[in-house]
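When you line the sequence shown up against our numbering, it's residues 1 to 331, in that order.
Per label pair, the in silico range of CB-to-CB distance:
(1) LEU32 <-> SER137: 47 to 57 Å
(2) CYS181 <-> ILE274: 24 to 34 Å
(3) GLY303 <-> GLU249: 15 to 25 Å
(4) LYS268 <-> GLY208: 22 to 32 Å
(5) PRO74 <-> GLY215: 34 to 44 Å
(6) LYS306 <-> ASP237: 23 to 33 Å
(7) GLU54 <-> ASP104: 20 to 30 Å
(8) VAL41 <-> LYS268: 12 to 22 Å
(9) PRO74 <-> SER158: 45 to 55 Å
(10) ARG180 <-> ASP37: 37 to 47 Å
By construction, these hints were calculated from the structure, which means they are not laboratory data. Values in this document were obtained by computation on a predicted structure and should not be read as measured data. Built from N, CA and C at the ideal position, the CB exists for glycine as well.
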Amino acid sequence: MRDVALRAPVRVAALGMYVPQHVVTNDDLARLVETSDEWIVQRTGIRTRRRVAENEFASDLALSAVRDLLRAHPDVDVKDIDYVLVASTTPDYVYPSIAAIVQDRLGIPTSCGALDVSAACAGFCSILNLGAALIVSGQARNVLIIATETLTRSIDYSDRATCVLFGDGACAALIVRDERCALAGMDSGSDGSAGPALYRTAMRRDIGGNPDGSGLLRQVGRDVYRWVLENIPLTVDRILDRAGVSLDEIDWFIPHSANMRMIEALCKRIGFPIERTLESIVEFGNTSAVSIPLALTPAVRNGTVKSGDRLLIVGFGGGLVSAGAVLTWLD
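All chains, full assembly: derive it from the sequences and hints.
Listed below in structure tokens is the structure:
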């Protein structure tokens, strides 16, 4: 282990979440493509996911998640927020950013910084680490971080390998300075050479020399699966080393909820019990940047995660990129 652990004097002070009302079951998808509830559950673990309404966009989900946070934590004053960071790959616009829309709609002072981050499934961990850096550097005191995705708008519903996987939702968290240093081991990584394994085109209509003008999410599942099992255990080792803790000191593991079979294989690879692993995949599907806080928030609210618990959080996905940290939950 490192002689000096990497720690940040911050904590997560509040959480909020929102998922659209429309529930999409496996049977619903079986009416669109050749699949079945049994096939989807066996291969992914997913039973339901949520889909946005026609007039619902990523900013709407983000605002609903923040409002849920404010209801759950009435002591939080939006006028005290210095910075808004949003993780999303499905923004309403190229610009204005979702973060700027949230600032305006919530009446946060215009002196507040606003920034969207595109880090796919590593998005929440990325903005958590960036928010901590803003606080540590003195640029901000209270940072609102939001992960929001409307992935069902980017899916090819003729491709049964991907259309069964993804769902929509949003989560929000408030990060504040706290000398108890609840965040440690902050880490990030990237492997752009593996980008064609999971991508979505935009202005450019090709990737890796292959044309694709669809603008829809594309994934080579076996390549992503192999990349995760080869690389994320190394990411876990780096995070633990930077945090100065061992795996047996971790109370809960919260990896990105990409696929239940992938989570099971990853737990086996790193030697962590699946019984102490939190997921959001079964009820909400793969929500990309939202999946980690969508597993954490209910667990905090129902008492599964208690004050003092150490959480190993690791996001990974499109890019291909990764990010993570050890988060101690403090009341």
